[in-house]
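Student: Keeping their order, the protein sequence lines are chains B and E.
Going by the numbering used here, the first sequence opens with residue 15, and the numbers climb by one from there.
Going by the numbering used here, the second sequence opens with residue 870, and the numbers climb by one from there.
If you are wondering where the hints come from, they were derived from the structure by calculation, not from laboratory data.
Bear in mind the structure is a predicted one, so any value in this text is a computation, not a measurement.
One or more hints might be untrue.
In silico contact screen, one side only, chain B against chain E (beta carbon under 8 Å); selected entries [claimed, not checked]:
1. G75
2. L83
3. V87
4. L90
5. P104
6. C106
7. T108
8. Q342
9. P347
10. S354
11. V357
12. R364
13. H369
Don't be surprised by glycine CBs; every beta carbon is placed ideally from N, CA and C.
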Amino acid sequence: LTTTTADSGELGSRPTDEPSGGKGLKIGALGMISSLVIGVASTAPAYSLVATLGFVVAIVGLQSASVMLLAFVPMLFIAAAYFYLNRADPDCGTTFTWVTRAMGPNTGWLAGWGILMTDLVVMPNLASIAGVYTFSLFGAHGIAADSSGFWVTFVGVAWIVVMTAICYIGIELSARTQMALLGAEVLILFAFSFVALVKIYAGHVAHSVRPSFEWLNPFKITSVGALSAGMLLAVFIYWGWDTAVTVNEEAKDTRRTPGRAALWSTIVLVLIYVVVTVAAQAFKGPGFLTSNNNIGDVLNALGTAVFGSPWNKLLIICVLTSASSSTQTTILPAARSSLSMAVHKALPRRFADIHPKYLSPGFSTLLFGAIAVVWYVALTLISPNDVLANSIEALGFGIAFYYGLTGFACVVYYRRHIFKSLKNFVFLGLAPLLGGVILAVLFVVAIFYYSDPVNSASGNQAWFPGIHFSFHIFHWHLYVKKGLGPPLVLGIGLLALGVPLMLIWKIRNSEFFKRHREVALSVDAPAPPLTPGVIPVTD
Amino acid sequence: MPGDIVLGYDGSAGSKAALRVAVSVAKAFDAPLAVVFGYEPNPMGGETADYMKQLAKIGSDHLAAAVMDAKALDPSVSVEPIVAPLRPVESLLEASLERHARVIVVGGNGERPIVGAILGSVPHKLLHSSTVPVLVVPAPAD
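Isolated chain B, as found in the complex (with noise of 0.2 Å):
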């Protein structure tokens, strides 16, 4: 391992001094649609349906379509910060390396925690969805039913040792067999909703529901507890959304193809997750949703009756792709965020290691695959039948708690710029700040919510029941009376988990944490390197 200062060797770059006047190989042009694609598949809409409709459904009732739309706001002023920040300094390290630039290395360091702690919790809601889904595919529905018994589970780690090694070789799809599964992925779930409207306005469906407009109004939610959860729930749905923003800086036309590809597949996910949730509890009423057999995977089990055999198959494959993909999407960012964390010497150097032959960050990546498969398999004997509803519910914890920092680093960042454009103040200080408040005001409500164990989908276990306490803001009553439910431990335990590894990684090597803050000096240029010149490189 050796560790060199080097600032040449930038990828297209000539080493010699031929007039190549621009016209040397094209640097990772991507097309409008090739944007729109990774951002789409990135967010996997059907997955994140399959994850999150019948909770959010138990939470809201009715609303949910409302939420659905709603949860969209917050995600949309901070893909400003994103945009923004991205400009400034395209690290791997996103969140971690903006934070620590604008708000000091502590607070870096917890964003980078953060980042990695959201994408080990949503693990094991992934791994047992393809295990569900596996086995109900090969119609061995028995089997399927039982989501954290042995076979799911075991399926579970196998999709999850499966896909680190795809990201550990480096295994990727060709772009246009990744648009034609997204484009199928799209097509199935309209076809989907298509279908179960009209059987629904036909009158064939016993138990249908006749869907109103009323269900888009958020205000017909009457506890400010109720939607708070319901919307950290439904953040996840748009979780990944932001690559479509991000990505497109090295698109081909970087003036234009943002904007657009960011503009349509907000208009295509917004369409499926509302079209979808309607006509889901539609189809056979919310109670069918939120019933203990079909609250962990709606669309296998609306899948059957609105589609019939063998057609409901298609829908199970195109779940199937969608987990593959946000699997991907989650591995991939994960190791790129320690690796880079390792870059600037806020873990150890050995995260940084990338693999000689398969180029990828090979340490970073094989140890997040293997920490989370213990995790998936304790969390299976933690609480077992819940592993979904506790997975889905603490991960609005973290997704909050890291865009949400996002958004705040945005306006810190470029504090002297905010004020000199009506643009710069709405992209640069009021969407950031705006997105970063509301997060910040799910994530504190949501915790009071989940505080009583009775709102979170396992029911009635309460990890520390001796806990309780209660307090007044405004006319608010606050209070946690009957222990911690298992999202809050999971969400907030995790995240808290970071402040002891922080502090001794501090101790065991201070240099990171020396570093003072940034501000921009320009919204339009670079930011210098965060730690400059510092390439470590496996020999």
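Place chain E on chain B using the hints.
Tutor: This is chain E only, laid out in the frame that chain B set:
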């Protein structure tokens, strides 16, 4: 129009064997040799800029060694290193088009065919998509 010899090089045993053959082919045709290292991280994983810089560093180290080895084999052959931010196959195809390449030389990786089919083998893909002849040099058996 006589073109370059384009060599794919990643520091592996197969690519080192290919380098020796490529130098003698370049000498025989009196053509310049372009040594290409291409790699592109999966765009599905989001931002890559600083990761790409590290990859470029690895690539230019490999190519510096390749240029030295080529010069040692035959100092009369002109060698140009190219680090490309593209997948290996794409970078070789791009370089072969741009250089009007006579031939692309790559090393066989010594993998069994089924493994290559699953993992994606550069020589295999090149044979199917290249517009110029492809010369595959087997990795030395040891």
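Student: Work down the list of hints and note, for each, if the structure agrees.
Tutor: Going through the hints against the structure:
1. G75: violated, 35 Å
2. L83: It is violated, given that the least Cβ distance between L83 of chain B and chain E is near 25 Å, above 8 Å.
3. V87: Given a least distance of 22 Å, the restraint on V87 of chain B is violated.
4. L90: violated, 18 Å
5. P104: Holds - the Cβ of P104 of chain B comes within 8 Å of chain E, reaching about 4 Å at its closest.
6. C106: holds, 5 Å
7. T108: It holds, given that the least Cβ distance between T108 of chain B and chain E is near 6 Å, below 8 Å.
8. Q342: holds, 6 Å
9. P347: holds, 5 Å
10. S354: Interface hint status for S354 of chain B: holds (6 Å vs cutoff 8 Å).
11. V357: Holds, because the Cβ-Cβ distance from V357 of chain B to chain E comes to roughly 7 Å (cut-off 8 Å).
12. R364: Nearest chain E Cβ about 14 Å off; hint violated.
13. H369: violated, 10 Å
When held up to the earlier numbered hints, the structure conflicts with 1, 2, 3, 4, 12 and 13 and fits the remainder.
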